[in-house]
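Asks: These are the residues of each chain, in order.
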Amino acid sequence: MSDKTPPEASAAGHPQLPDDGIEGPPLATERGAAVASQWRLMWWKFRRHKLAMVSLFVVFGLYLTAIFAEFLAPFDPGSTDRRGGFHPPQMVRFIDRTDDGFSIRPYVYDTKRNRDPVTLRTTYERTGDKVYLQFFGKGDSYEMWGLFEMERHFLVPVNPRERYYLFGADRLGRDMLSRTIYGARLSLSIGLVGVMFSLFLGVTLGGLAGYLGGITDTVVQRVVEFVLSLPTIPVWLALAAALPPSWSIEVRYFFITLIVSLVGWTELARVVRGRFLSLKKDDFVIAARLDNASQARIIFRHMLPSLTSHIIASVTLAIPLMILAETALSFLGLGLLPPAISWGVLLKEAQDVRSIVLGPWLFIPGGAVVITVMAFNFLGDGLRDAADPYSQ
Amino acid sequence: MSDPRLPRATVNAALPEDVILDVRNLRTYFPTRTHVVKAVDDVSFQLRRGRTTCIVGESGSGKSITARSILQILDAPGQIEGGVIRLRSTGRDAQGESIVDLTSLHPRSRAIRAIRGRDIAMIFQEPMSSLSPVHTIGDQIIETIRLHEPVSKSEARTRAIELLRRCEIRDPDIAVDRYTFEFSGGMRQRAMIAMALSCNPQVLIADEPTTALDVTTQAEILDLMRELQTSYGMAIMFITHDMGVVAEIADDVVVMRHGKVVETGEVNALFADPQHAYTKKLLDSVIKLERRADIKPAEAAILGADTPTILAVRDLSVTFPGQARFLRKPAPGVHAVRQVSLELKKGESLGIVGESGSGKTTLGRAIASVRAPTEGNVLYRGKDGVEVDLADLNGPALQAYRRRVRMIFQDPYGSLNPRMTVGQIVAEPLRNNNVATGAALRARVADLLEQVGLPAEVMERYPHAFSGGQRQRVGIARAIALEPEVVICDEATSALDVSIRSQVLDLLIELQKKLDLSFIFIAHDIGVVRYFCDRVAVMRLGEVVELGPASQVCSAPEHPYTKALLSAVPHPDPTARSMHLRTRYSEEAS
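These protein sequence lines map, in sequence, to chains A and B. Okay, so the first sequence: first residue is 1 according to the working numbering, each after it adds one. Okay, so the second sequence: first residue is 1 according to the working numbering, each after it adds one.
Calculated directly from the structure, the hints in this document are not laboratory data. Every residue, glycine too, gets a C-beta built ideally from N, C-alpha and C. Keep in mind that the hints are not guaranteed to be accurate.
What the hints assert, rightly or not - Once the Cα atoms are required to be at most 20 Å apart in a straight line, the calculated EDC-like pairs of lysine to aspartate or glutamate come out as:
#1 A/K281 - B/D411
#2 B/K563 - B/D223
#3 A/K280 - B/D223
#4 A/K280 - A/D388
#5 A/K281 - B/E491
Claimed, not checked - Some, not all, of what chain A presents toward chain B, calculated at C-beta under 7 Å:
#6 F197
#7 E250
#8 N292
#9 A293
#10 L304
#11 T308
As the list claims (entries may be wrong) - Distance windows between CB atoms, simulated:
#12 B/P321 - A/E225: 45 to 55 Å
#13 B/Q275 - A/R48: 52 to 62 Å
#14 B/R444 - A/F154: 37 to 47 Å
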């Protein structure tokens, strides 16, 4: 994708086209638009969808966060702080006024824990001291992508023994910001991996049904209808409950994605089948057949390029459903289990009344889910509108 | 002329008594992201009581946008930028006339809504999409009447039935309760006209009302409109691209091109002595199609020559199976082609003419091996002299047949893969048949493009950058890429504007000479067939009713259906209006 806009009609350097009128009809002689492939046309059309453009950046940002989770999270997500249970969110300040004037450096105000002797409720009070922070400072050590040891973080306290809580802390004093960032990794990747499964099943089965028709079509259609008629949540619950809790996080993660995508492929199969059915009758596909193109060439060279954009749009709209499904399962305690961290797992900890009263910030992962799902939906809408750049 | 709006005083200036609608300096623009499309640019004309004004122009000339501007039903982002549209409006209670400037009314105002349908009614090209499929014809007419006049439902119904009767719909009291889909195309257009006439409009705008119809149906509709005009005395604005229709129905003609009026005049004068070069060119290209192409050798020379038969169709039938029904026998199938036999001689062009539903396209597709025939044979004897039966072919033999017998499609937009460049599209048959690769392939594609009159540089462009005629040239290049012997043209020129039509036909004739091709030319347009073909087969309901030399079939037909078909074709000569003298064909007559 390039940022080049479709150039306006430029006079020089065009081959002269045969004149079909007297002076010729107004031809699309702009060279840029004339040689623009479908992806470039789609990009031009997509760019006009403002909300989708914003969403594109949001989604991009979210995945970057997930990829660089270890670096961006200030602390180890599992590290607890005995003196930080239900610590409320703090604001990072930049303008530091001291006796010697002021300077620009990030800091938060230090707090002291108080316990109300009657209600036993924990409150935090400013001590007046400052906890200075630094960018790219050293903190908890971690293994970047499991490959090499690192201890630099994006923003950490200068003194590694101190802590700060941008998103607050949970019951055990674990930093919610770090946990939400780590949670993005599992929650977002489950959407992608799940959609890959769906895509594989959906495109293969839908494509076969649409292209071959006849008995294949009937069988695939009936299977799709059967799957769609299953009550989704009970089936998920039953399947998820059947997974032994002793399995490792990785195995469990894999099976949860499988379960979640079990339903997702049907919609894709239908979309692909419908497209194949209508494309099969298009003149240019018949022309390819009469050009003696092989079956494979007709499917992969002539039909699939017309479908990819639609498939991408459908996939984008399917990802948020996967993310929501994982969140729901984990929230009910049947999906991923602690110590795995996903947004659903984090929300599970906000299940009881105590959390609502003592730490409403425990719902921040829920906000992350909402933002992600909305961004994907807007992005999908934009892609769907741009998917067929040839319709006017 | 540069002043967009005339002062108010001029608007109120008197119009000549018989002028009902006066359009002056109308400009309608469509602003796009990069530039402004001037769809209608400084257009002026008048509509007079009891007269038909034809707006004629090719696609993109702005004729429909002009009509839509008058009613203010423009699609976004279209906007009237300037000009005055004055309408002599009879008030709701018919007390005195007033002159209204339609451009001064808001597109969603009550005033313009009162004018739409009551003063100015419009009929559209596609009767199926402009009538509601979920309401009966009667309901739709009654609604229109009651929107504009305070009458009771039963009164409105009586009037609706009367209107349907006036529009020559059989059994109007039954038809009033029918749904749109129960009507044929011609009947739908009649119902549409009945609806338009329901409030006695002063102006009827007809936007290509007969373009989607067969010629015989078109003749009926034109008849009806002429008759209704005499009895209602309204002004008709008739938009069309067909000079024949203009000659048949117009009193005055407005010729448009690229959003501008190039010429206005009385019909006889304009046809006899066109002033503008474009009008001349338009008329010439229509008149050119009235007879055999000059660049072709004489018909007798081709028919008399002792040439071998290259393709023979024997008793070919194609039946579309009926819908499977639950626990019952499947519905009876449709016999699209029945027992057709044809022969195509080497170097000859055989025309297949018929109206929609005659099976001509199905026949062409069966010969092109797109669809297998239900019965009968297609026998092909190529250069090598071996006769093959299409039905027996498969695998490499079928591929060989498809290399020799090629097809050009009707729709220049749908037949080219929008996601491949023109070079890739033309290279596709060469690549698939291992004719050439690499630099040789590129050179061959360039050569093919040049043969169809496109510069080789366009290879890297995508089809969306080409006009209809240019796309059709690409389609032709693809068809001749494998040096075929037979080319089947399925309505290859019917989607093109008339001035481009003859250019494409001439290109085909030249290629025929150069490459020694034989054509099967399928068309609904007699003119094109007469221009291009040596022999003609006339098809009706899947059967060939007449087959003979083009000159004979097109001027002295034997079969009554062919006679009816020919006499319904409008000719571009307003002094010899012949449509009302046409012969009608009915089943009993055969």
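Asks: All hints, please: hold or fail.
Replies: Now the hints, each set against the structure:
no.	hint	verdict
1	A/K281 - B/D411	holds (13 Å)
2	B/K563 - B/D223	holds (18 Å)
3	A/K280 - B/D223	violated (41 Å)
4	A/K280 - A/D388	holds (17 Å)
5	A/K281 - B/E491	holds (17 Å)
6	F197	violated (27 Å)
7	E250	violated (40 Å)
8	N292	holds (5 Å)
9	A293	holds (5 Å)
10	L304	violated (10 Å)
11	T308	violated (9 Å)
12	B/P321 - A/E225: 45 to 55 Å	violated (25 Å)
13	B/Q275 - A/R48: 52 to 62 Å	violated (44 Å)
14	B/R444 - A/F154: 37 to 47 Å	violated (59 Å)
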